[in-house]
Structures are given as C-alpha cells and as structure tokens.
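So the sequences go chain by chain: A and B. Quick note: the first sequence, position 432, residue 432 per UniProt numbering, numbers continuous. Quick note: the second sequence, position 624, residue 624 per UniProt numbering, numbers continuous.
Calculated from the structure, these hints are not laboratory results. All C-beta atoms, glycine included, are put in the ideal place defined by N, C-alpha and C. Do not take every clue at face value.
To give an idea of the chain B side of the interface with chain A (calculated C-beta under 7 Å), a few residues [said to hold, decoys possible]:
hint	residue
1	128
2	331
3	338
4	340
5	341
6	358
7	370
8	374
9	459
10	532
11	585
12	644
Straight-line distance between alpha carbons at most 20 Å, and here's what the computed SDA-like set of lysine to any residue pairs gives [stated by the list, open to error]:
hint	chain 1	residue 1	chain 2	residue 2
13	B	125	A	83
14	A	6	B	101
15	B	125	A	40
16	A	6	B	127
17	A	295	A	250
18	A	99	A	83
The chain contents come next:
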Amino acid sequence: MSIVPKETIEVIAQSIGINNLSPDVALALAPDVEYRVREIMQEAIKCMRHSKRTTLTADDVDSALSLRNVEPIYGFASGDPLRFKRAVGHKDLFYIDDKDVEFKDVIDAPLPKAPLDTAVVAHWLAIEGVQPAIPENAPVEALVAPSDNKKPEHKEDGLPVDIKLPVKHVLSRELQLYFDKITELTVNKSDSVLFKEALQSLATDSGLHPLVPYFTYFVADEVTRGLNDFSLLFALMRVVRSLLQNPHIHIEPYLHQLMPSVITCLVAKRLGNRFSDNHWELRNFTADLVASICKRFGHVYHNLQPRVTRTLLHAFLDPTKALTQHYGAIQGLAALGPSVRLLLLPNLEPYLQLLEPEILLEKQKNEMKRHEAWRVYGALQCAAGKCMYDRLKMFPGLLAPPARAVSRTNGRVIMTTPNKRKAGKDDMMQQPPVKKIATDGPMGIVPPISLPANMQGTVDGFPAASGQSNLGPSSSVQVTNDSISGSSGKREDDGRAAKMLTVLSQAWKEDVDAGHLLASLFELFGESMFSFTPRPELSFFL
Amino acid sequence: MEDEEIEKMVIAYLKKKGFKQTELALQEEQSKSSFASQTDPDKQILSVTESESGPAQYQDGYSKLRSWTYSSLDLYKHELLRVLYPVFIHCFMDLVAKGHTQEARAFFNSFREDHELMHLRDLQKLEGVLSPSHLEEMEFAHSLRQSKISIKMCQYSYELLVQYLQKSQSITILGIINEHINFEVSPGQPSTISDDADVVTLLGSSQDTSKLINQKEIRWGLLEDSLEERLEKAGALMSDSEKPEGETKEGEVEENKKKSVDGGKQGASVKKLKKDKVVGTTGKSIRSETNIVSMAPRVKPELSLPEIPTEVEHSILEDLRNRVQLGSLALPSVSFYTFINTHNGLNCSSISHDGSLVAGGFSDSSVKVWDMSKIGQQSDTSIMQGENDSASIEHLMGPEDGKRSYTLFQGHAGPVYSVKFSPLGDFILSSSADSTIRLWSTKLNANLVCYKGHNYPVWDVQFSPVGHYFASSSHDRTARIWSMDRIQPLRIMAGHLSDVDCVQWHANCNYIATGSSDKTVRLWDVQSGECVRIFIGHRSMVLSLAMSPDGRYMTSGDEDGMIMMWDLSSGRCVTPLMGHTSCVWTLAFSREGSLLASGSADCTVKLWDVTASTKVARTEENKSGAMNRLRSLKTLPTRSTPVYTLQFSRRNLLFAAGVLSKGV
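Bound-form chain A, shown alone:
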C-alpha cells in the first residue's frame, strides 16, 4: 500500500474545493501521488548535487518542479535549510516551527545589517604536502614541534634558518583583529554567547601562538587595574584557562608572567565591589586553574608548585590577612593535591580557635563577617575531609587500631601488625565508592559544641608546628607519644612528596595517623566529617 493514506487525498481535495470525492478515486490517486512525490524528490536531489550541496533546500524542490513544468510552490524561499522539529508523540512526523511574530516587534526592531558581500580569501592548505598551522586550516591533531609555527615562513623564502637577524615581530592583520575582538569581548561582553565561542576558539585554534605574549600582558594588566570588577576578573581567568587548554600554544615561557595575576585572583582581599558578586566561585575556579597549571607544568618548572604552595601557606597562616584571603589560600592548597593538603592539618586546631569567635553569633555581630567565617570554615572542613579521605584510600584495611583508640582500649602496636601487612599487599586494590556531600557553605553543618580544652594556642603555624603534640589528642591522653612520632613522620613525608608507601615503618605511622586523624577531625568538625569517610570504614569506626 502507498505510504500516502487515502485520507490525505481526501483532505487535499477538500482544501481545493472538491467535497464529494469518492473513496475509490482517493484510493487510486494515493499511489500516484506517492510516485509523483518521489519523482520530484529524485529530481530535486539531482539539483542539490549540482549545486554542490548535501542538504536539500526548498530551492531544489522548486527547480525540480520547474524541470517537470510544474508551477513551483511559493513562500518557501530561503537560503538556509529548513529546520524541522519532531512532533511530540509521533515517530516520523516533522514540522517547521512557524512562530507568531508580533507586528510591533517587527516595526520596532532596528534594521538588520546588510549581508556581507561574497569574497574570496586565499591561504596555504599545504606546503609541499605539509599543512601549516595557521588559523585557516583545520586544527592538526597535535603540534609536532613547538617551532612548527615558523616552518612555513622559512620554506617560503627558502632561506637557511641559521641567519639570526634581530627579530622583528610582525603580526598579521587578521591576528591583530582577532586580538582586538577577543579583548573587547573579554572586557565588555563576557556574558554573551559570543564570548563563549571566543573561549572555544582560544582553546582550539592553531596559529594563535604569536598572540600569547600579548594575551599574557593583557591579562596581567587588566587584573591589576580591574580588581573590583568581578565579571572582568572571571572573564580573564576563563581566557587564561582557554589559553592553557590550547594544545597548539607553547605557553611555558609566559607562565611566570601569568601566575601572579592568577594567584591574585585567588587570594586577593577583595574581588569585585558589590556584595552580590560571588567571588567565592571565582576563587574556586581559580584554585582549580592553579592546580591544573601545577599539574601540567610541574615537571618543567620544578619550583613552580613549591612556590605556589609557599605563597598560599603564607596567606593562610597570616592571622592579619582577611578571611577571604584565607579562604582562597585554603581552596588553593586543597586543590593542589593530597600531599599539599596535608599541610593544612597541623594548623587546623589553632586556626579553628581563631575562627571560632568569628563564627559564633554572639561574638561576631557583623553578618557579613560571619558569613565569610562560615565560608572559610566550610572550605577548611572540605579540605580536611579530603585529606582524610586520601589517607583512608591509601590504607583501606587499617581502621581497626585507631577505632580501638577511640574506644579507649589504647590500641597498641602489636595488634595492628597483621593488619598492616595485609594492607601493604593489597593497598590501593579496592577503593570504596565515595559518598560526597557538598559541604561548601555553612548550611547543614553541625557547629562544634566544645572545642577540646587542651588545645594549645600556638598561633604561628608551620615552622613552629613541628613541636606541636596535640594533633591526635582525641580521647586518650597517653597517646601523645605515638602521635608525635606520627605527626613528625607525616611531615617528613610531605617534604618528600608521597614516598611513604615504600617505607614500611613510616607507613605504619601513617596508619595510626589516619585513624587519629579521623578521630581528631571528628572532634573538630563534628559529624559532618563522616560524609568524607568511605562507608565501610565508617561503620567500622563507629
């Protein structure tokens, strides 16, 4: 049977004024209609091919109709292919979305821009079979050599490369225009769709390399000038991220210029000038950015990560700095990875002590300040939680001794040895799924009711913290010995960045530490810490 049902024919007949069409006629016409439609489509496809297109347009159908000496259908002339929508509930029914247009809107709308005239531009698709990495060409998979960009010029004039002339940097007109456009977008229209596409282009286009110094300068300049323009800062950080993503750009030489501006956006005292600006988000974004930079270029710049860490730690440990700065530093440190995160721990207690008056309603009357303090608290908690999670991940089977320590059995070394051996063998084997709750922000956190009384008020953190003995004071007083060795062991560890797995004795100390850690963190943060604990361990612990 024909795909055109006879009802369709009847409807069409009615629409042109034939009301008494007999069903037989409709039935006979239906197959013929289908055949004619197919015939027209066959011709239309020919016209499409000869117009060197792969999408059928209304024009093609019109040409096909005129080929068959049929009056074309009017009202569908459009240069672009029609966009069909699928009818809801029907598998193969499509329609063209025809919106109602308000007459007033049409009148009020500004005149559309005149369409640009057709033009021809030339470029080299390949030079002796090699595709130059210029923006006009499709991006190549990966840059073969960093100097790839300059190859075409050399080949073109055929001069040997070893003649070193004073470099006169010439930017092509297109690149200049591109740069102007991007910077303008960044400064003025960073929330437009266009800016998103610009970021996309920055992240993927080849041939942008000559612009990198200009972009770094632009970013640095704008950051220093526009510290209270929140959206600008965010846009700039996005630009930086896109540049970092671009596989065709060799950005290492410019990192040292970029880093200060990025760090600024992380730990600056004020970002943006309005309360509504969500500078926390910007700090989080930048923290991730910093972490990704360190991860990617850490092996090239050996001192990159230590320098960043030092800067952030200083910000964190300086009690005179604003809470926002602390927040940024904590986020930055937390994002840098497990080994850096641990640096936060020794300073947790003193810091919390410092933070306490800011958090409590009765002591801090300023709503804004309190909010900030809560934020910092949240960030700290999150970082500490991650810390513990890392630890637990490393030693999945080793919760028993600290659990006992918590239950005041004074868990001793001997009991844990078998366990430890086992862990040494199958550590990292199975990692339980994480249930992670967004602990960012003050909501849903049980405030610590009482902070341990035997806390020492050592304010000055890191350098002095080595002598600190109250890391794991949780419940048993006589555990100090252990915890001292534990904390010192841990510190060594941090210094050497994750070599603890190899050394058994240290690993053992680690275990204890992990258990104590959980306990102490529980003490510090209350039950919310459990959300970071993998479930099996948690149940064990409880």
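On the provided structure of chain A, position chain B as indicated by the hints.
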C-alpha cells in the same frame, strides 16, 4: 573426450602461430554451442510455466529460493547470491504489473534489507512504483523489464541452481529466471568475490552490447607535436628538423583524409591544416620505432586545432621548464581559495590555469570573477593602486556599489551550474538551468555568445585542452560538442539513460568522457559521435571525471565518495579508491600524471599515488586480475570547507576552492 583434445590442440596451434582472430572466433563458436546445449532443459521447463501465478506464489517462491541460497555451499554461495537480486526486483515488478499493489509493497518491504547494501539507490527508485502505468513511465523500470541480466557463474553453481529449480517446482521463479537472466556459464572454479562489480549495475541495453562496444579500438595516445614533446626535443638535438613526431598508426591515412574534410568544414585556419599535413607525411619516416619505449603513442588530432600564439607558447614552454616533479615523496603545495559569505548561493567555481582568476557561478544566475593578483595588491599598497585602478574597474562596477572586489557577469536566467576558464584564461564558459551556455571574455568583461541547443538545464561544460572546442552535458541526457564560433552544436552524443552530469575531454581531444546518473561513464568519439566505451561499476551518480595527462587512464568520482580509475584501452576498472565519505566534487591529475588529487564534500583534499598503483596493476592484470588499492598519500582536511574545484597549474602548484560552510 577426443573432440576436446583436438580442440585444445587446435587452439594451441593457433596460439603458437599468433592467429588471434581465428582463435577468438573458434572460442566464440565453442561457447555458443555449449551454451545452447545447457539452455535446452530450461526451455522445456519454460513451457510449463505461466500456468498459475497468484501473488502468494511470488512471496513463497522467492523466500524459498532465498533460504536455499543462504544455506548453499560456501564456495558457490556468492555466485548464487547474485541471482537473488534480479529475481527480487522482477518479482516485485511482476506483482505491480499484475495490479497486486498491496502484495507488491509487502513483498518489497520484507526482503528489501537483503539488497540495501548493494543496490540502495535502485531500490529507492523502485519503491515508488505502485501501478502498472508507473512501470511504463519510469525508464529505469522499463529498461529493466526489457533487458536481460547476465550473470557469470561456474558450471557447478549453475547445475545446483537448475537442480533446485526443478526439484522445488516453483514455476514462477523459474519463469522469471528464464525470462530475465542470462547465465554465462564458465567451466572450472567459481570466480572470486571481487568480480561482483560487473554484476551490480543493471544496464538498459544488455551487457553484451557494452562488451561489444568496449572492444572497439581506441587511440588513447597523446597528440603528436605537443609542446611537451617540443621541449624534450629542444633539450636533445635541434638540428634534425625532419624528426618523426612519434609513433604513427595504421589508420592514419584515413584519419588524415577525414581531417582534411573536417578541416574544410570547420573553416579553421588553413595554414595549420597544411602544417598538419606536412607533419603527417613527414612523420611516416621509418625511424618512428626508436623513441616509443615508454612513451605514450602519438596520435593525430581528429579536429582541426586552433593555433597557439607564439608568446603564449613561450610562456607555456617556460612553465614546463620550471615544473616541479611531483611524486609520492614530493607532494604539491596547495593554495586554497575560500569563498566566504556566499549565503548558500555558490554552485560551482573554477580557477584559471595560473590561479590568478577565480570564478564562481551562483544560484542567483550571476557569475562572479575575482582577480586574485589584484586583491593581493590592494592589501599591500592601498591608495596609490586604488587611483590607478579606479579608471579601469569603474565600468565593471555596478552603479549602486562602488566597492566590489569582483567582476560581475549577469546574463543567465537561472542558477549557474558550471563555470570554466578556457585553457589560456581569456574566456569563461558558464552553463545554467536556463538551458543555455554563455561565453564571456575576461578581457572585455562582456558576454560574447549565448549558445542555445539543450532543452533542459546544462549541468556541466568543459573546454577542450586546446581551447576553441567545448563540450556540455545536460539533464536532457545528451552531451554536445560545440566550437566557439558556431552557435549550433557540432555533435550530439545520445545514449545515456539518465542525466549526463559531468563531461571531460581526453588529453588528445579526440574523445570526451561523460558521467551520468545512470551510474555509468561513457567515452565518445568526438569525430564520429559514437560511444566507444562504457565503464560500469559505480553504485551511484557520477559527479566528477579526470583524464590522466598521458591519456591512458581516467578517474571518476561518485556520490558515495568512491573514486574509480579506469584503463581506457581495456575499459576495465584498474582500482577503486576508497577513502572519501561523501560526494567527490572534483578530481585532478597533476600535470605529469604522477598524482591524483580529489576534493570532496567531506571537507578534505586527498592525494593519491598514481604511478605505483598503475604499474602494479599493469603487471598483475595479466596474472590474476586482482584488484589493487591505489595508495592514498595524504589527506588534507580543510576547515569545514567542502572542496568544489581542484586545478593543477602548469608548474604543478595545486589550486583548490571551496565554500566556508558553518553547518557542516
């Protein structure tokens, strides 16, 4: 047994003596006699058929045959599978012809999937056929029903099939097989699967005729006295002015006569004609045998060719001297011209031989020509140049717009489907949906002639390699040959079963090739207007053609992205080139013929190594006839720009053009 032995001995004797014709004749006789004996039993069965044939019988019979075929021996399966498709479509058409529309549709849908892979486009065409009158009207179906399909199979497969048909008593199917299939039974092992290509395309005329056509002699060599040759000679000895121009063929005398008649008719330059004659007579010297070792044979032009002005000749010779030798190790540089802001309007483009001019044909019936050298200058030195130019460009610019970067040619009354530059770049031909071809001068920026002759849109137009003559192809299923000074066509080539989509001249101007929507490529003799080759193998509409500069090979690209390379003399496919995923819009051989470039709608330019593959193919052709894949050297992706045109300059720089399209 004795008979066979005697025959063998006779054949061996004939071979030894080199009596080829006799040998062939003998073999033909033999095959005929054996064929007759084999078809005998069928005839008996045929008489039984047509007794009862309800619609259910078709469905039933076909599904039985199908399941039998699928469960047959692996070794013979692929040969037997070939029978299924013709049986399938004829069953369907029989059902339609008898008016069982509903059953026909049901039958079609139930088995359609089996054949979709190989015959998708044919099925789509047939799908719409729903009444007996459609069968009559649609040429494709009509020609199918008129003709017989040849299927090659080995002795044993044939016996298997006959046995099955006799046993199963499905008379309907037997009737169809008898009526529409012609078995070519060959003794020995079943053929390899790769030979399938011959069977795929169902031709209107029977395949025998195409085979007959393909046996005609073809002189595919290069023109004698070409500039390349002159250059070589200049490099060698200058003294011998009487040097032979190349190999001369036996048929040359007749050709010369023909040409002299023709020349008078054309009214072309008498001087040139004389010169040709002189060359023809002097060329008869005995030394011709010496320098043809690897060179392509030289042939006389059948058309009187226009004379090349001396200064142009000098520039060509200069270019030839500076030509870059391309090969698998030395790939060409590609200069890409991107059309921007075309608003989906560009239908075709062309690049002059030196890349200085770029023309585009638009769906708004205009032709626009860009002078690339001028565009470059303007960006360098703006104001000085502008003042000088303004006087000369002024008359080209429209009254309302003073800043056009191109020359606008208006005159057509429908979308322009093809534009081509003449070999010297001084003329442009454009063909349009208004069924006319127009000749424009790039020097005067004006329309010179409007050629009317086609009745339907003219899809393609192509200048001959020496200019003056051009060929066009149209929806009216003809290709026509024209000369610039006549408004009537000189020759009309008719024979394709569907639109003629593209046309291309042979390097020696004696032949044109046409590609068509009937999935064949044909080669036509320009002088006689006869079809001399039919190339079967494409599975969809042929979109582009290119001739190798040595005149030996031709490539054709189709809608599915398949490129096929043909040997003109044998009419067989040398290699199919797979790689493109969408329409191949354009093909181009490098000037010395070592590389093939192809441009496609999948936004890539691919470079293929021609020399390696053809050499291998030539040696191996004799042994096993196995297919070799042509080596793809390089794929150059463009930035979402489908490639419309490719053109090698005389110095072997590759120019490409395409439209930047966002949505792709």
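Hint by hint, here is what the structure shows:
1. The criterion of a C-beta within 7 Å of any C-beta in chain A is met by residue 128 of chain B, whose closest approach is roughly 3 Å, and the hint holds.
2. The interface hint given for residue 331 of chain B holds, since its Cβ lies 3 Å from the closest Cβ of chain A, which is under the 7 Å cut-off.
3. With a least beta-carbon distance of about 5 Å to chain A, the hint placing residue 338 of chain B at the interface is held under the 7 Å criterion.
4. Evaluation of the residue 340 of chain B hint against chain A yields a held restraint, the C-beta minimum of about 5 Å falling below 7 Å.
5. For residue 341 of chain B, the interface hint holds, the least distance from its beta-carbon to any beta-carbon of chain A being 4 Å, beneath 7 Å.
6. Checking residue 358 of chain B against chain A by beta carbon gives a least distance of about 5 Å; that is within 7 Å, so the hint holds.
7. Evaluation of the residue 370 of chain B hint against chain A yields a held restraint, the C-beta minimum of about 5 Å falling below 7 Å.
8. Of the supplied interface hints, the one on residue 374 of chain B is violated, with its beta-carbon coming no nearer than about 11 Å to a beta-carbon of chain A, more than 7 Å.
9. Residue-level restraint check for residue 459 of chain B holds (minimum Cβ-Cβ distance to chain A is 5 Å; threshold 7 Å).
10. Taking 7 Å as the C-beta cut-off, the interface hint given for residue 532 of chain B is violated, the closest approach to chain A being about 26 Å.
11. Because the smallest distance between the Cβ of residue 585 of chain B and any Cβ of chain A comes to about 6 Å, under 7 Å, the interface hint for this residue holds.
12. Look at residue 644 of chain B: its Cβ gets to within about 5 Å of chain A, closer than 7 Å, so that hint holds up.
13. For the hint linking residue 125 of chain B to residue 83 of chain A, the alpha-carbon distance of about 26 Å lies beyond 20 Å, and the restraint is violated.
14. For the hint linking residue 6 of chain A to residue 101 of chain B, the alpha-carbon distance of about 14 Å falls within 20 Å, and the restraint holds.
15. Restraint check: the Cα-Cα separation between residue 125 of chain B and residue 40 of chain A comes to about 11 Å, which is no more than 20 Å; the hinted pair holds.
16. With a C-alpha separation of about 18 Å, the suggested pairing of residue 6 of chain A with residue 127 of chain B holds against the 20 Å cut-off.
17. The straight-line distance between the Cα atoms of residue 295 of chain A and residue 250 of chain A is roughly 16 Å, inside the 20 Å bound, and the hint therefore holds.
18. About 13 Å separates the Cα atoms of residue 99 of chain A and residue 83 of chain A, which keeps this hinted pair within 20 Å; it holds.
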